[in-house]
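Chain V is fixed; fit chain P onto it per the hints.
2 protein chains.
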Amino acid sequence: MDRQNFIKKAGLGLGVTAATIAPLSAASRKRFRWRMVMVVPKTLPIWGPGMLRFAERVKLMSGGSLSIKVYGAGELVPALETFETVKKGNVEMGHSAAYYWRGKIPASVFFTSVPFGMNANGMNAWLTAGGGQELWDELYGAYGLKAIPCGNTGVQMGGWFKKEINKISDFKGLKMRMPGLGGAVIAKAGAIPQQIPGGEILTNLQTGVIDATEWVGPYHDYIMGFPKAAKYYYSGGWHEPGSVLELMINKDKWESLGKELQMIVKSCAALTNQEMYGEWLAKDSEYYKKILSEGKTEMREYPLEITAKMHQYSNEILAGVAKTSPLAKKIYDSFKKFQSTYEKYQEVSEQAYVRAQKA
Amino acid sequence: MDRQNFIKKAGLGLGVTAATIAPLSAASRKRFRWRMVMVVPKTLPIWGPGMLRFAERVKLMSGGSLSIKVYGAGELVPALETFETVKKGNVEMGHSAAYYWRGKIPASVFFTSVPFGMNANGMNAWLTAGGGQELWDELYGAYGLKAIPCGNTGVQMGGWFKKEINKISDFKGLKMRMPGLGGAVIAKAGAIPQQIPGGEILTNLQTGVIDATEWVGPYHDYIMGFPKAAKYYYSGGWHEPGSVLELMINKDKWESLGKELQMIVKSCAALTNQEMYGEWLAKDSEYYKKILSEGKTEMREYPLEITAKMHQYSNEILAGVAKTSPLAKKIYDSFKKFQSTYEKYQEVSEQAYVRAQKA
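For the protein sequence lines, the chains are V and P, in the order given. Positions 1 to 359 (this note's numbering) are the ones given, in order, by the first sequence. Positions 1 to 359 (this note's numbering) are the ones given, in order, by the second sequence.
Extracted from the complex, chain V is given alone in its bound form (with noise of 0.2 Å):
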């Protein structure tokens, strides 16, 4: 991987070449020593890696001015502390994803995933061409915060469970690992969502604390070793079709970059969220290939009959997160009207082309 070769050529750390351009005098110029933490452990893959690179990265293009430390969660402060800790300048960027912060503000999760919502492509087009870029700085810029897109998951799996889900009443009484939406959408169904942090989930679910969980994708759910603990794995996960990992900044610090180092951020950005999915889509191809092949596995997808009813239950409450402020009535007006006319064409598009490649 070009990644390889650049961390081999670079060094970590590694600022200034005088090849390219020149040393400033200290005096001359102004330098930046930020920090940032991370909503989960510097060691998960792709994420932890995907930013430990692009702080590298950022130090290299502004030749030195900005170096930022990154921390995983936990090691300055919780994950779960990220949003105010940033907010408060105590440090000057975070990297998370937006939904976390829904219990502060509801209307959040449309700048991460929504039960039901857009892809990782459609939300892309969305904050890029479709206003949704200006509606997060709105939102957010209440708080004194700037975000910007820097990863996506893509469309994560439908879950793990235990025993196989046949129709709509088998959600009764379920115990399920599924935070945020999509855990009030399947309470909806009657089952019971639980919020278990990642190191306990594998635990829980062998010794039948919970009956089924959803992670991420085939990639990060092998190495959580759900294979081992539950037999029925759920394709096409409806409860997050596309999550935007979020770059967040303090926008006091953020607008103290000036805009040669702002673009610098928002392009050394772009090029972490290009890898991150790319890399998403690589491993999660090649580990749904590996648990295919160990054979401990049986493939399911839910019965339109649930995910019909799934997708209503959704409708109510994105409808309910509309209902709580003007703006996040904004916002929820926006993403449907968009969502609508990107997967109208998207039907002629993708999709015709996926059935022309079946044929």
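Hints are not guaranteed to be accurate.
Since the list gives no way to pick out one identical chain from another, each pair is judged satisfied if it fits inside one copy or across any two copies.
[Claimed, not checked] Below are the DSS-like pairs computed for lysine-lysine, each with C-alpha atoms no more than 27 Å apart in a straight line:
(1) Lys336 / Lys175
(2) Lys172 / Lys330
(3) Lys323 / Lys336
(4) Lys266 / Lys42
(5) Lys344 / Lys162
(6) Lys358 / Lys336
Hint data in this document are derived by calculation from the structure and do not stem from the laboratory.
This is chain P only, laid out in the frame that chain V set:
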């Protein structure tokens, strides 16, 4: 859009702002004054403005160390001389699509899009994490060139037809504007593929010199005026399912940049990639709706009998490309293997999600 704000604030050709990076003395700084030639006019929507913005941003991020003057097709050299011009180092950069060079390098097609190949996400995954970029480096390196992805059109549309296409024999004698491998595929079905410059397609279609044409997608097709000249619009462009645009750089010049400026170029290309693809999806969705609302166009999907045949012809043609050199074979094998693994996962991922949504 964010970029409008950027352009407004930054101003065209703006270099350094003292606020963040103090100006360097002329003597202590190496300055690169580069030129870029494009295979399309600078005025072509999305594509042209995207590359002008790319150049402004690189200049901004590098504090003026790397400035790039952008020339549209024909301004400095004709479009199809881009490759030779950059190869010889007469101009440092080009913006193009690799399949334009298939006359010189047959395997170049795999780095843009091939009939029944991968969609935009698959191409990104292969290039990022599947060994694709390394193979591209090997292929172009022999010509003294380096190329990276910089833009994507997504799945193109099947094209505009004056008469309906119901069976494979309807292609017999059909004069269709379709360059590249797509043209070679329909030729196998008896069509007479035409290579016509953009500016002449509409007149040729209106006067009956040609019976059908493809171009890009709803946005660019609409601007070209095709709804005025042909009634049937075919979905799912199997001939170009996710065309990667390339930023090509003379390799010696690339190496002279040093790794800071190289990373600035790479990052900025990724931001351009993300934005162009986002804009293409947003605009194509909007114009698809517009085309339908105007009531002149009837949508059609190729019958499966036809796409099955086209798929078979495409496989034959790609197998032929693989025979042109040992490296072409290596690229073909890598591409096909990655595509197979990737698409099997897409079946339980994106496609399962689409089914869930339609319930």
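Against the structure, the hints:
For the homomeric pair Lys336 and Lys175, neither the shortest alpha-carbon distance inside one copy (31 Å) nor that between copies (41 Å) is at most 27 Å. For the homomeric pair Lys172 and Lys330, neither the shortest alpha-carbon distance inside one copy (35 Å) nor that between copies (53 Å) is at most 27 Å. Taking the shortest Cα distances, Lys323 and Lys336 sit within 27 Å of each other inside one copy (14 Å), while across copies they are farther apart (49 Å). In this assembly of identical chains, the alpha carbons of Lys266 and Lys42 lie at most 27 Å apart whether taken from the same copy (21 Å) or from different copies (24 Å).
Within a single copy, Lys344 and Lys162 get their C-alpha atoms only as close as 36 Å, which misses the 27 Å cut-off; across copies the closest is 24 Å, which meets it. In this assembly of identical chains, the alpha carbons of Lys358 and Lys336 lie at most 27 Å apart only when taken from different copies (16 Å versus 30 Å within one copy).
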